Amino acid sequence: MSPDRTVGAVGASRPRIEGGLKVTGAARYTADVPMPGLVHGQLVTATTSRGRVRDVDASTALGMPGVLGVLDHRNAPRLNPKAGNYFGPDGSLLLLQDEVVPYAGWPVALVVAETPEQARAAAAALRVTCDAEPHDLDFDMDHPAARPASTAFGPEADTGDLEAELAACAVVVEERYRTPEESHCAMEPHASTAWWEGDHLHALDANQGAFSVSEVLAALWSIDRERVHVRSEHVGGGFGGKGVCGPQMILASMASKRFGRPVRIAMTRAQVFETTSSRPRTEQLVTIGADADGRLRAVGHRAAYALSPLAEYIEACTEQAKVLYAAPAIRTRLTAVPLDVLPPASMRGPGATPGSFALESAIDEVAERLDVDPVRLRLRNQPSVAPVSGLPFSTRRLVSCVQEGARRFGWAARDRRPRSRREGPLLIGTGMATASFSAGVFPSTASITAEVDGTFTVSVGASDIGTGARTALTAVAADALGVDAGRVRLRIGDSDLGMAWGAGGSRGTTSWSFAITEAAKELRGRLGDPARPVTATVDTSALIDFQPGRERQTFSAVFAEVAVDPATGEVRVRRLLGVFAVGRVINPLLARGQVVGGMVMGLSMALHEESVRDPRTGRLANGDFAGYHIAAHADVPDVEADFVPDYEPLDPSGFNGLGEIGTAGTAAAIANAVWHATGTRQRTLPIRLDRVLEPVAAGKDTEGATEGADHAVTRGA
Amino acid sequence: MREFAYQRAARVHDALLAVAGDRNARYLGGGTNLVDLMKCGVERPTRLVDVRRLPLDGVHVAPGGGLVIGATTTNSDAAAHPEVRRRFPALSQALLAGASGQLRNMATVGGNLLQRTRCGYFADLSRPCNKRLPGSGCAAIAGVHHNHAVLGHSAHCVATHPSDMAVALAAFDAVVRYQSLDGGGEIPLSRFYLPVGDRPDLETALPPGALITAVALPGVPGSLRSRYRKVRERASYAFATVSVAAALDVRDGVVRDVRIAMGGVASRPWRAGSAEAVLRGARPTPDRLRACAEEALSGAEPLPDNGYKVLLAKNLIAAVLGELAAAEEVG
Amino acid sequence: MTDHTRSGISLRVNDVSHRLSVDNRRTLLDALREDLGLTGPKKGCDHGQCGACTVLCDGRRVVSCLTLAVAADGAAVTTVEGLAAGGELRPLQEAFVRLDGFQCGFCTPGQLCSAVGVLAEHEAGWPSAVTADDDPERTPELDEAEVRERMSGNLCRCGAYPSIVRAVLEAAARQGGAA
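Just so you know, the sequences run in chain order A, B and C.
Counting from 53, one number per residue, gives the positions in the first sequence under this note's numbering.
Counting from 11, one number per residue, gives the positions in the second sequence under this note's numbering.
Counting from 7, one number per residue, gives the positions in the third sequence under this note's numbering.
I should point out that these hints are in silico values taken from the structure, not numbers from a laboratory.
Please read all numbers here as calculations on a predicted model, not as lab measurements.
Using N, Cα and C, we set each Cβ at its ideal position, and we do this for glycine too.
Incorrect hints may appear among the rest.
Claimed, not checked - If you want the footprint, here are the derived chain B segments under chain A, 3+ residues with CB under 8 Å:
| # | segment |
| --- | --- |
| 1 | 132–138 |
| 2 | 146–159 |
| 3 | 241–248 |
| 4 | 326–334 |
Chain A on its own, in the form it takes in the complex:
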């Protein structure tokens, strides 16, 4: 192989490799792929939060045109009850196995018909009778069923004597923060097409990791994993909501088994809301004590989240309390509250995103009580080593993020008194927050073939759910092989490509890159006869040091400016800037898109998002895009993001993940800005109109309410 380039592909901004396909409609997502003999499955879901299916009357449905049949718990193929997920056994995978309804939205039947319209019409004609039982959705940190969360992600912090330090503090802030149940809302609804060839299961599926989905399916069907073939070429977003083997995939495999035809299940948007997964509700109590000079002495972070008894889950809200600040005493307590809820799943920046809202709001409250600048307070309390583990950070460029962000945002000119800036009827405020998100690597395999025509085929079980993995990994492979990116062909999104971590935990790109880099190394040592293709395959399982003796984290500082109309409660984000330390950046254009997108989701969380449930049934009352608002174009300003120079020494190429850090700090920055604008703390998300609205005194605030000033709100200008 000739080193035909001097400048590396890594570090250069390049548009997405599949960009041309995506702007012409040629990129095919799961439900777009034609399939001969295809039939369509339509889910029917439970409308009560707890109960038992007494009867499924399919007599009408079965007589309707095009209907092949109906699956329910009485006739569905049996699945292996020992199948599980990342955390262990997972009852939410065991669909149509018994009559128990564990949450509202649980699939209770599947109708299969020749066309989607026929399947839908027949599903509407199905009469399902459920005996409802009393349900419990009363989430509360002190709920009788509350229990300590799993410590699978690491032990709780218990450094120093929290009570003693608090007693010695000049200022103690103790406040309770709440975040609602939220929905991932990837634009592509979950979809799957499954068919059996002998005892091999084939599937096209919208997921974040085809390999792990194939593992779950193999377990459910008690067959060798090599007999399960899952492909996911283009995936329309995931954000954690497609991280597990979804109900569409399991049910399609069951229906195909039963009816002997390829079965497609494209979930409706309402079903995605009620049946897939959500970010759980949290309630968090943060206690922070400081000396009069702004030195933190104690950080206590107690957090509770809701989960389903069907499966273990960790919403690690308290992680940042172990990372962000130096204090003699740090205590974290994470509590799981089992309720009859939709089982939660990681959602962009799991744990860190709701956790950061609480912790970084509380830090802002400390700055308020001390009357110090919140940037200065943060800079004064930076740790030299990880404050709980005592380990050195592998890299920690947080101070650079804060300083660079403050400079670009013009923070120095800020009057820190609340309610100090007005434009006509509008109150203007600025706020900021810092964030960290754990980084690392998981085992994966990669194969690289040096083809006889001088090109290289790189095969890795990666997923590109919009992260740009296809483009980034091509650059990584090109540099590892020392060739131009144009000579590298990447194959991803296929469980047959071997064991691989999925797109999640901000660990996809680092895990796949590690395997590609090692495979390239191996290949370069074996190249001989250019007339024959040569393949090198590497599994990184044995190469990863899981106890590196250093804390590996990414960092950010987020700055926000808001305009608030106290007469209407409308909050508009006018400026949003994030500065990030995420190791070496592979492709600045796409990386910026990732962190900007993360911040947009954080903005959306701050102002809009909330799953609302009917108190009587526990059913979602706003399970569609008209009721569950995600930020639209008009809500989003020209978000700015940049990266400070950084290099991750624990990664062979200096990389860290960046898919989730963008979301983590944003809600707190916006909430802090709303406080600065209005003088009122927003400790419950989202920051709805009714939580901001104020009585407006006659003749005072209506003055200056001119056309032009009003446009500053509606235009976000």
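The hints should help you fit chains B and C onto chain A, whose structure is shown.
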């Protein structure tokens, strides 16, 4: 969705005949609401009579300076029409505040008037709803009603009307024109929507089988300024939390005419007549505007979780009137 | 006896004429996707709440999920597949790629068709909810706020909004629009 027959009417009379006597027949306009409700199973017609291509579109200036807007005029065309923008700015603004560009290109003026509520329980077949299934009860009263009515509701229904356009039409004293097999007729918008009472399923005074053909707006003096403001939980593409259409005519510092209508607060566009009386003939001082806003909500009966709408509506009325009064001083 | 629940329709899609027999329940979106194999338009919500299915129908942007195919009989439809005439990306598409106006790409066909509609609507002088309504005769300047408001019917969960807006404004400038 249940199977249905489809026919496209070439003339109004054909459409009327096709629907006559068939209680499972529906007129199809832009379809933005009807097709949606058919997908949800709320509407289950066996026959659709497509009226979208009837020659009922266009905006015409009427003698006396009013406008007649044809029923099949799209929301986009009505909003962009120079005469609508010049004479009735609040109507153009209300249309533009509704839905999205795509939906406005589809939706017709007639269909907009006949939109059904977006109360979640109305579309949830597993729950009671007196509007969908008379006599079944109202799930919203003891359920989720954060965005429901504070005025004019009853123990049978607390849903709101979703239209923005109708709020502006209410402020401008619009008249709905229709055709039926018995002939033509007119209904003032103020009487077009029925009070909720004990039959929330009966929403309009339109005779059975009648087809809306146009909306007529009486002329207004050039000195009447108008404005529509919509507050919602997103900056765009969301239904109103509270909206206000207001018009103000101030001459020599005295209010000659004032119109106030609210959206998002009741089962129909809510014209605040008694509040208008507070301002008419008076000077539009901040105190007077506030008193007017207070009067507009004096009959409010908020539900346990939507009391904020009362304050929001008062603030919004005062703000919009304040803007109109300020513009009056400048202009 | 004729089946009253089906209809024969003709559609001209991306300059190709088709005759179809459709179930009256079939939406234009499903007809494009299932009958004509044009899977560019996406089913993101199927209720007119996300914009992913946006196509141009007789030159105007509409959501194809709430358009019944039978009601579109005789229409000229342009989908994302028809935007690149002769295989050449139009400036808007090129700007989306170069400025990274998407991530997962699922909403992109709708964003693109919507943007084509926005540029035409703006050229026709149509106002938006953020247009200062001081002069009904004047075409509003197409700035960021105008593009954001006009594009708000197209949701993007990846949060690519800022680069979408840049791409639309750039295309507008190249197209010789008012911006």
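Right, here's what the structure says about each hint:
no., hint, verdict
1, 132–138, "holds (count 3)"
2, 146–159, "holds (count 5)"
3, 241–248, "holds (count 7)"
4, 326–334, "holds (count 5)"
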